[in-house]
Amino acid sequence: MNSTKAEKMEAFGRLLDILDELRVKCPWDRKQTNESLRTNTIEETYELCDALMRQDNGDIKKELGDLLLHIVFYAKIGEEKGAFDIKDVCDALCDKLIYRHPHVFGTAEAETAGKVEQNWEQLKLKEKGGNKTVLAGVPASLPSVVKAHRIQDKVRNAGFDWEERAQVWDKVKEEFDELKVEIDRMDADKMEAEFGDLFFSLINAARLYKINPDNALERTNQKFIRRFNYLEEHAKQKGMDLKDMTLAEMDSLWEEAKAAGL
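Residues 6 to 267, numbered by this note's numbering, are exactly what the sequence shown covers, in order.
A hint or two may mislead.
Calculated lysine-lysine pairs in the PhoX-like style (CA-CA distance at most 20 Å, straight line) [claimed, not checked]:
1) Lys243 with Lys263
2) Lys13 with Lys67
3) Lys66 with Lys10
Honestly, the hints are just simulated from the structure, not real lab data.
Could you put the whole structure together from the sequences, leaning on the hints where they help?
What follows is the structure, encoded as structure tokens:
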């Protein structure tokens, strides 16, 4: 699709008109609040992430629409409260994008994506009412893996990083050795703490090697699901119950799944 700008604006205006009517005429839409929509917004965001991981363009389009509905819904609620409307949301976003891209809309220079990210973080700290510290902008509610990656990315932009990325593997080994010590001692609290340190160092390694750790883990999750489903299905075809199978028998089916490219 290559819609014109006028067609895109018309479609967005139609969405706003429909929501205005729903807010008045539909009992369910009429009673919604920021609080009641919040959980659904989180769910829609994860559904979009799932579609993105599967690279399913049809589902991506659908889930983007669901998420867009929530955005205009929150803006409508803001308008009803006299706080802001969708125009204010768009204007604030445009102003922020222009301010944070001085290499595009100003005279600054940034020849690499890394330099753009550095400038972005520094400008955020300078903004009136913006983040007062480097890590203040990391949402507390982020999933732990995503949060760790975001923390490390932010401090990197502040200059706190390894001189050579290969150095991170010494840190990974150090954390792994410390975990083994606590496992030998069977100190539950310290084992958990050291496991966290090991995870954090592995996520740091992923960042340094341009690997998205959340995407990497989700790929492994999906791979495991496919292979285990194969194992379960083929065990049933052979009249076998997983609970009665030996580990060797299950491992044989697992290897079959791997050989099948699952």
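Results of checking the hints against the structure:
1. Lys243 with Lys263: holds, 19 Å
2. Lys13 with Lys67: holds, 16 Å
3. Lys66 with Lys10: Holds, because 18 Å separates the two Cα atoms, which is no more than 20 Å.
The structure shown violates none of the earlier numbered hints.
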